[in-house]
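Q: Protein sequence lines correspond, in order, to chains A and B. Read in full-length UniProt numbering, the first sequence has 323 at position 323, and its numbers run on one by one without any break. Read in full-length UniProt numbering, the second sequence has 359 at position 359, and its numbers run on one by one without any break.
Calculated directly from the structure, the hints in this document are not laboratory data. Glycine included, every Cβ here is placed at the ideal spot set by N, Cα and C. Treat the hints loosely; a few may be bogus.
[What the hints assert, rightly or not] Going by beta-carbon spacing under 10 Å, a handful of chain A positions derived as facing chain B: (1) HIS62; (2) GLU75; (3) GLY82; (4) VAL89; (5) ALA130; (6) VAL158; (7) TYR159; (8) PRO256; (9) TYR303; (10) ALA385; (11) GLY387; (12) ILE398.
[As the list claims (entries may be wrong)] The following residues of chain A were derived to be distant from chain B, with all beta-carbon distances above 12 Å: (13) PRO91; (14) LEU103; (15) MET128; (16) VAL309.
[To be verified] Estimated spans, in silico, between C-beta atoms of each pair: (17) A:GLU102 with B:MET374: 57 to 65 Å; (18) A:ASP139 with B:ARG275: 36 to 44 Å; (19) A:LYS106 with B:LYS219: 30 to 38 Å; (20) B:VAL92 with A:ASP341: 49 to 57 Å.
There are 2 protein chains.
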Amino acid sequence: MANIQPFLLIIPILALLTQFLKNPNTPALIAKHFPQLCTNPHSAELLQRIKLSKLCTMPEEHKQLMIPGPVEVHEDVLSAAGGLSMSHVDPVFVNQFGEALELLRKVLVTETGQPFIVSASGTLGWDMVAVNLVEPGEDILVLNTGFFGDRFAESLEVYGGRTTHVRAPVGSRPTMAAIQAALNEKPYKMVTITHVDTSTGVLMPVEAISKMVKAKNPKTIVVVDGVCSIGGETLLFDAWNVDVAMTASQKALGAPPGLSIMMVSQYAMSVFNERKAPIPSYYGSWRKWLPVMKAYEARTPAYFATPAVQLIQALHVSLKQILTQTPDIMDRFAKHEAVSDHVKRVVASWGLRMVPAIEEAAHTMTGVYLPEGMALPQLLPKVSAKGVVLAGGLHPDIAPKYFRIGHMGLSVMEDHRGHIDNVLKVVKEALGEAGYTFPQDAL
Amino acid sequence: MANIQPFLLIIPILALLTQFLKNPNTPALIAKHFPQLCTNPHSAELLQRIKLSKLCTMPEEHKQLMIPGPVEVHEDVLSAAGGLSMSHVDPVFVNQFGEALELLRKVLVTETGQPFIVSASGTLGWDMVAVNLVEPGEDILVLNTGFFGDRFAESLEVYGGRTTHVRAPVGSRPTMAAIQAALNEKPYKMVTITHVDTSTGVLMPVEAISKMVKAKNPKTIVVVDGVCSIGGETLLFDAWNVDVAMTASQKALGAPPGLSIMMVSQYAMSVFNERKAPIPSYYGSWRKWLPVMKAYEARTPAYFATPAVQLIQALHVSLKQILTQTPDIMDRFAKHEAVSDHVKRVVASWGLRMVPAIEEAAHTMTGVYLPEGMALPQLLPKVSAKGVVLAGGLHPDIAPKYFRIGHMGLSVMEDHRGHIDNVLKVVKEALGEAGYTFPQDAL
Numbered sequence: 001m002a003n004i005q006p007f008l009l010i011i012p013i014l015a016l017l018t019q020f021l022k023n024p025n026t027p028a029l030i031a032k033h034f035p036q037l038c039t040n041p042h043s044a045e046l047l048q049r050i051k052l053s054k055l056c057t058m059p060e061e062h063k064q065l066m067i068p069g070p071v072e073v074h075e076d077v078l079s080a081a082g083g084l085s086m087s088h089v090d091p092v093f094v095n096q097f098g099e100a101l102e103l104l105r106k107v108l109v110t111e112t113g114q115p116f117i118v119s120a121s122g123t124l125g126w127d128m129v130a131v132n133l134v135e136p137g138e139d140i141l142v143l144n145t146g147f148f149g150d151r152f153a154e155s156l157e158v159y160g161g162r163t164t165h166v167r168a169p170v171g172s173r174p175t176m177a178a179i180q181a182a183l184n185e186k187p188y189k190m191v192t193i194t195h196v197d198t199s200t201g202v203l204m205p206v207e208a209i210s211k212m213v214k215a216k217n218p219k220t221i222v223v224v225d226g227v228c229s230i231g232g233e234t235l236l237f238d239a240w241n242v243d244v245a246m247t248a249s250q251k252a253l254g255a256p257p258g259l260s261i262m263m264v265s266q267y268a269m270s271v272f273n274e275r276k277a278p279i280p281s282y283y284g285s286w287r288k289w290l291p292v293m294k295a296y297e298a299r300t301p302a303y304f305a306t307p308a309v310q311l312i313q314a315l316h317v318s319l320k321q322i323l324t325q326t327p328d329i330m331d332r333f334a335k336h337e338a339v340s341d342h343v344k345r346v347v348a349s350w351g352l353r354m355v356p357a358i359e360e361a362a363h364t365m366t367g368v369y370l371p372e373g374m375a376l377p378q379l380l381p382k383v384s385a386k387g388v389v390l391a392g393g394l395h396p397d398i399a400p401k402y403f404r405i406g407h408m409g410l411s412v413m414e415d416h417r418g419h420i421d422n423v424l425k426v427v428k429e430a431l432g433e434a435g436y437t438f439p440q441d442a443l
Numbered sequence: 001m002a003n004i005q006p007f008l009l010i011i012p013i014l015a016l017l018t019q020f021l022k023n024p025n026t027p028a029l030i031a032k033h034f035p036q037l038c039t040n041p042h043s044a045e046l047l048q049r050i051k052l053s054k055l056c057t058m059p060e061e062h063k064q065l066m067i068p069g070p071v072e073v074h075e076d077v078l079s080a081a082g083g084l085s086m087s088h089v090d091p092v093f094v095n096q097f098g099e100a101l102e103l104l105r106k107v108l109v110t111e112t113g114q115p116f117i118v119s120a121s122g123t124l125g126w127d128m129v130a131v132n133l134v135e136p137g138e139d140i141l142v143l144n145t146g147f148f149g150d151r152f153a154e155s156l157e158v159y160g161g162r163t164t165h166v167r168a169p170v171g172s173r174p175t176m177a178a179i180q181a182a183l184n185e186k187p188y189k190m191v192t193i194t195h196v197d198t199s200t201g202v203l204m205p206v207e208a209i210s211k212m213v214k215a216k217n218p219k220t221i222v223v224v225d226g227v228c229s230i231g232g233e234t235l236l237f238d239a240w241n242v243d244v245a246m247t248a249s250q251k252a253l254g255a256p257p258g259l260s261i262m263m264v265s266q267y268a269m270s271v272f273n274e275r276k277a278p279i280p281s282y283y284g285s286w287r288k289w290l291p292v293m294k295a296y297e298a299r300t301p302a303y304f305a306t307p308a309v310q311l312i313q314a315l316h317v318s319l320k321q322i323l324t325q326t327p328d329i330m331d332r333f334a335k336h337e338a339v340s341d342h343v344k345r346v347v348a349s350w351g352l353r354m355v356p357a358i359e360e361a362a363h364t365m366t367g368v369y370l371p372e373g374m375a376l377p378q379l380l381p382k383v384s385a386k387g388v389v390l391a392g393g394l395h396p397d398i399a400p401k402y403f404r405i406g407h408m409g410l411s412v413m414e415d416h417r418g419h420i421d422n423v424l425k426v427v428k429e430a431l432g433e434a435g436y437t438f439p440q441d442a443l
């Protein structure tokens, strides 16, 4: 215990600090009561650290966030998100940004993909696909599984893309035969796939679809909206011949919202480079962003727009965690599947129907129909009162009839937090309190 | 001192915690050594707070960031930026977002302006002006004081705006006569003014220009790029008849980067509403964002793209601080002027020339020419080694010849931090070490 000695000073300081934390005159009071602080060479740093800590500002109560994004974020990631200001050209940040770009490649299982990390909601990813890869009048096949397929198509059309939709009933996905039939109709510049539609939790078989698209025409660009999948669902960018995969920071990559994240194949970059029409966007133009991404990855700064320094630092911490926790990323995907299977097995044992059939369901979220006769306001406030936040329905056709549980990132990967057990326990209790009678063999 | 009693438990816990902080088995060790933690009803929260604190994750060294953005950020703002995840439709967040929109109006001194807070770099603000207010072929007068005037014009042209520039030599601004002459040439849909050009620190007389523009044609839209001014320089949105003012979160509003922030007059909103041409953007369209801003301000959630929850919470804290610190916002502007005058007086006393002449210089930053024969690599690394980060030159014509000191936000408003004294002391020392000989009466 010899090394406890230098820390002894901290005891009386912290004792008094607890008194002072809520007092706006704290620094002055500390200086008055603890003159020795001014002579201890470490005291300035110590004081600053205490002051910077969340001890005084954490909210009284935190509710476990189990919606399909934003998700719960690791404390180390949050610390980076709330880190002290750093210049966007500081060598430390340049290295963090560069590493984040490299790590993103590993998470998406690609050797040669070109990553982009841009300040924006994930939504900007649709614009970036449209303005950089689509020329006015070009045909795009939208494999539409719900709300987000509609929105992606809307974005493509703003920039002159002509979309054809392959749709399916709510909560299911187009058949492979329907997709093949659409591909046979005419040649497409691009096919878009919503990997997981956050509105319903329908999962699309990206590998099989990509194979079918490329077999029909290897020049067709395969775009995966992976907002509710990347980092959770299996997605092998190179092996599956994906050309663009996009997501946002606040989903299975486990950082706060505010970053639009993409991976682009060298083939798609070549299509971009050979583009004839002018790029109909300034902020979304890869001509602006590509030199910045290449520069930071080469560990030199470049400027187009000030990057969201702390958010990128947070993403950097999260990506490192992801690849340290399961050095083989396949283990992460498998864990998401196992946890999802468990959630769905438990919910099924309650006698409740899920929005997509199990074989068409995502592993990052679960959409659950309410019991007959029960409305969302009877359930969700009870769940919230028990400290868990779920999402209501989003797909306009069925919105009042179902709720959504998100299970991705830390809540899935860190068993010791008990997030999954807790959400299931709380939802079961709340259903019971709302008058639902469970089957006898309910888990 | 009766109320110290409930805190006594914290003393031995924290003492041991200091031993444990760097140990990955910390939670287990604490549980073993402090079984009483499990019986104290407050212990769970206490432990979580300690765990969430930055005590263990703060970088070893922090350099004082004195560039013209990002700027130093208050610890309470950082705590919000690194806060635990919260749903973007949580009533707590809905209220914070709504308040942030209202507070923004106060900081910009407007009663009726329509605020927008969007996930993006400030750069998106240019796109939003262009895609919502400019129709293809319309004429725009760009009052160009440097790097950022060029960039704004480039963005406007991407969307079909036809720009005419009124330029001035580097480090100075167009004369009022030159602006009047340009206004007399032809009618303009819009005039853009870079309030403070971050590349050189030139300040534009927005009030006088706006008056001149509106006198010539009250229908001309006056747009102020306030990225390096809003929250620091005097800007009276209503009184000066400004139609659009835009900034980013990481400048004088004192939050981390990642938010594009705008204020739009009701007149400009009416021009937007009467727009004939389709809006050539999806992510930048006010048709998408306006209902979201109106909803959150009315304290109901609405969805277009997931907002950057923690960044908006950070901005909310910062805006509250700004308006608490100086309830009359004019006092904040006056303080920025006083500090800027001090910095410029000291730098002048060193015998160094500043980039804009004093009467054309911003109060949020100072651009300083290096002494004859000295290069940036002789100075900036020395400054950095002393714990202060400055920015090099940015305007391409003179980039290697000058450096920039940012002075806005907390570094200006909170004297007790000593940021201004420190940056002046450090730069003076570094200049001396680089071989510069100061005049005898140097401050």
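Q: With a cut-off of 10 Å on the beta carbons, see whether A:HIS62 makes it to chain B.
A: 5 Å, holds
Q: Go through the hint on A:GLU75 and say holds or violated, using the shortest Cβ distance to chain B against 10 Å.
A: This hint holds: A:GLU75 lies near chain B, its Cβ roughly 5 Å from the closest one there, short of 10 Å.
Q: Against chain B, run the beta carbon of A:GLY387 and see if the smallest gap drops under 10 Å.
A: Hint violated; A:GLY387 Cβ to chain B Cβ min 12 Å, cut 10 Å.
Q: If I take the minimum Cβ distance from A:MET128 to any residue of chain B, is it greater than 12 Å?
A: With a cut-off of 12 Å, A:MET128 comes too close to chain B, as the shortest Cβ separation is near 9 Å.
Q: Are A:TYR159 and chain B close enough, Cβ to Cβ, to be under 10 Å, as the hint says?
A: Cβ of A:TYR159 sits 7 Å from chain B, so the hint holds.
Q: Taking the least C-beta to C-beta distance, is A:ALA385 closer than 10 Å to chain B?
A: With Cβ-Cβ at 13 Å, over 10 Å, it is violated.
Q: Hint A:VAL158 vs chain B: min CB-CB distance below 10 Å?
A: For A:VAL158, the interface hint holds, since the closest Cβ of chain B sits about 4 Å away, which is under 10 Å.
Q: Minimum Cβ separation between A:VAL309 and chain B greater than 12 Å?
A: 6 Å, violated
Q: Is 30 to 38 Å a correct range for the gap between the Cβ atoms of A:LYS106 and B:LYS219?
A: Distance hint for A:LYS106, B:LYS219 is violated at roughly 55 Å.
Q: Was the hint right that A:GLY82 lines chain B, CB cutoff 10 Å?
A: With a minimum Cβ separation of about 2 Å from chain B (threshold 10 Å), the hint on A:GLY82 holds.
Q: The output says A:PRO91 does not contact chain B. Does that hold with a beta carbon cutoff of 12 Å?
A: At about 10 Å from chain B, A:PRO91 fails to clear the 12 Å cut-off, so the statement is violated.
Q: Can we keep the A:VAL89 interface hint, with Cβ of chain B closer than 10 Å?
A: 8 Å, holds
Hints 10, 11, 12, 13, 15, 16, 17, 18, 19, 20 from the list above are not met by this structure, while the remaining hints are.
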